[in-house]
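Residue numbers (my numbering), protein chains in the order written: chain A, 1 to 377; chain B, 1001 to 1377.
No lab work stands behind these hints: they were computed from the structure. Heads up, a few of these hints could be off.
Covered stretches of chain B, going by a simulated chain A footprint (3 or more residues, C-beta under 8 Å) [unchecked claim]:
#1 1130-1139
#2 1287-1299
#3 1315-1324
#4 1331-1345
Just the calculated beta-carbon pair ranges, DEER-fashion [said to hold, decoys possible]:
#5 Glu37(A) to Glu1360(B): 57 to 67 Å
#6 Lys1141(B) to Gly142(A): 28 to 38 Å
#7 Pro333(A) to Asp1063(B): 46 to 56 Å
#8 Pro1312(B) to Gly25(A): 35 to 45 Å
#9 Gly52(A) to Arg1164(B): 31 to 41 Å
Remember, predicted model here, so these are calculated numbers, not experimental data. All C-beta atoms in this analysis are idealised placements derived from N, C-alpha and C, irrespective of residue type, glycine included.
There are 2 protein chains.
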Amino acid sequence: MDGPYLAAVDIGGTKITVSIANISGILVKLYRPVQLEGDNLAVPAQVDFLVGHACEQIGIERDEITALGVSTCGPFGIRDGELVLVAPNLCGGLANERGIIPNDWTEIPLQRELSRIYNKIHIENDGISAVTAERMFGAGKGEDNVVYITWSTGIGSGAYVDGRLIKGKNGNAPHIGHIYLVDDGPRCGCGNFGDMEALASGVAIARDYESRVTSGDVTAECTTTVDVTTEGVMAENVTAENVTTEDVTAESVTAEDVFNLFRMGDPKAESVITNAARYFARGLVSINAILDTQVFIIGGSVFMNNRHILLPLVKEEFYKSFPALSKDVEFRPSALDSYLGDLAALCLVMPDDWGRQWQEKRPWEFAPESIVLGTDK
Amino acid sequence: MDGPYLAAVDIGGTKITVSIANISGILVKLYRPVQLEGDNLAVPAQVDFLVGHACEQIGIERDEITALGVSTCGPFGIRDGELVLVAPNLCGGLANERGIIPNDWTEIPLQRELSRIYNKIHIENDGISAVTAERMFGAGKGEDNVVYITWSTGIGSGAYVDGRLIKGKNGNAPHIGHIYLVDDGPRCGCGNFGDMEALASGVAIARDYESRVTSGDVTAECTTTVDVTTEGVMAENVTAENVTTEDVTAESVTAEDVFNLFRMGDPKAESVITNAARYFARGLVSINAILDTQVFIIGGSVFMNNRHILLPLVKEEFYKSFPALSKDVEFRPSALDSYLGDLAALCLVMPDDWGRQWQEKRPWEFAPESIVLGTDK
């Protein structure tokens, strides 16, 4: 296989994914759960380990990597002129409502550590890199005013305005998950009360359902078995093939469980999901008022697995708002979906000629199966 | 006086202001209440009348005007490729909670009508033109990430992100007044319930106080006379020189009355203003999450007349939000204040050399007194 080679790194709240590509396509892709123990160099060390491991898989040396594109959850801060991650889902020392993050980090010196090893790196917020990829290869081609939103465990976004990517002073624009939508309300991992992520994310959906179950209002009427395969898409984070309302306890409920209960006719699940969709839509009203966008592209597992439920609810609420601002806005699902993370990181460092060839040939559709690594090196 | 001459037009919800300038300074400035009767060509006709009248005042012909800069309330729509105003405070045919606008217009064809008369026109939303002026001549000099917010009868804004003005598909970015802040809540003129303008604008402050008074909870303890002159600034929209709580009835209360009652120790006024400031701050949290800005410049009569009350309240609430996004943000009052409208419209059409000279000499500080025209032509 011929170089040059690019490495794509996608750092999320639950896993780190690395892939290596040359102009012909994605050659290898692997991921492992993100390990949040040890000192605050643990994440960059895992990135380096995974890049090294990916190189081994395709028989190249680490120094044959021309550039590293890093797409990561944020937000970012700047320390001594270099980008640091101040992400509450990685750094246990930041506001964190459940104490589930087993470290006391307040920031991760990602740029400093990676630039010690790699000559050329480009780090962006995963919303920013995702909108770049959707505009280059997916549902945002040719659009000057387009916002990508990921509706997943958390909620993130990236935007082009007037044909240009917006970044802001620390590269955090647009951090839509942390806009306020209600006066009081549940606490977000970031410490805010009543922001969009606290009201509409996958975590919020699961928590809202849990709180209604644990408050004693247990649904009794639905005990039929449910096939969790819906619209041909296997829900990502359902652990069993079948689920009944009785299986769903306050300990174990996931957002996908709540959607399955919704499909079974559980009124509590319907209420939780309708609420979440309404808040999601009201968040889009706010970002649209601020950016005057043309197209919303929505991705992320919560949306992509349940879009036939969610999209009508979102549109209904969105178009209720001030028509002069809302009426011409379009909604599209992500066109890259499971390839989005790789393409998002790759397009940060991809040369123009390479980009044009990929636009035409779409080689990511022929990427090899992912290799899943455990938590131990 | 030598040309070339530029005309600056500022269209607000209550008045239209026109000034004419040459490179030496502002030569004439006049305004009249905006007349909202007749057909939907009434506003462009008033603009033309005022420009003609201003030309007469300085002894020039209308065709000596090189370019017309128009700064106007929005939002904007596009009709047949030309900009139209779809502003609920001008167009009675749009959502309008009180029925106080005496027309049934749904849009105003401003660009079409003005371009029939003037060769060169540039129309922008007043938030966009204001931030341009503050960045060129005022509190935003040298800033790449700066948001101007007007806190007045309504709430509007304009923003630079990464050193570039953002406009969006119809030039409405960022229409911050129409972002949602609460679940239900008072109705905005735009039809939204619970948006920023409905909760924090001058109109909202007056209405909130009124509703508390008419609900029977009349403040009895404060009957002392108040001097409405505060910090050397005469409050713009107080009609009497002195006010007591007993003068304030549900029919007549203005935002400035509420601030004066606040200064008298009226607990209801204190509660209303504290609430409004809190919502204003929460709106800034949302726009900051989306734009990752560095500097907020705040202007408008509600803020400028009462900034020693409002700024501490706004900052207190703002910095409670997610520190990774909020901590480095600065607040500055508008540096152009009563000149802002003229400069906002002028800078849309001002040549570069002229701009540089004005940055140095600040000739607007020597502008003549405004001429006030009545409502009849």
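Count the residues of the region 1287-1299 of chain B with a beta-carbon closer than 8 Å to any beta-carbon of chain A: does the count reach three? Three-residue rule met by the region 1287-1299 of chain B, so holds; n is 7.
Taking 31 to 41 Å as the stated bounds, is the beta-carbon spacing between Gly52(A) and Arg1164(B) within them? Given a distance of about 40 Å, which is inside 31 to 41 Å, the answer is holds.
With a cut-off of 8 Å between beta carbons, are at least three residues of the region 1130-1139 of chain B near chain A? With 0 residues in contact (Cβ-Cβ under 8 Å with chain A), the coverage given for the region 1130-1139 of chain B is violated.
Does the Cβ-Cβ separation between Glu37(A) and Glu1360(B) fall within 57 to 67 Å? Because 59 Å falls inside the window, the suggested range holds.
Check the following: the C-beta atoms of Pro333(A) and Asp1063(B) are separated by a distance inside 46 to 56 Å. The hinted range 46 to 56 Å holds for Pro333(A) and Asp1063(B), with Cβ atoms some 54 Å apart.
For the hint 35 to 45 Å, verify it against the beta carbon of Pro1312(B) and that of Gly25(A). violated, 58 Å
Verdict on chain A covering the region 1315-1324 of chain B, criterion of 3 CB contacts below 8 Å: holds (count 4)
Please verify the coverage claim for the region 1331-1345 of chain B: does it have three or more residues whose C-beta sits within 8 Å of some C-beta in chain A? violated (count 0)
Cβ distance range 28 to 38 Å for Lys1141(B) and Gly142(A), holds or violated: With a Cβ separation near 36 Å, Lys1141(B) and Gly142(A) satisfy 28 to 38 Å, so the hint holds.
In the structure shown, a violation is registered for the earlier hints numbered 1, 4 and 8, in ascending order.
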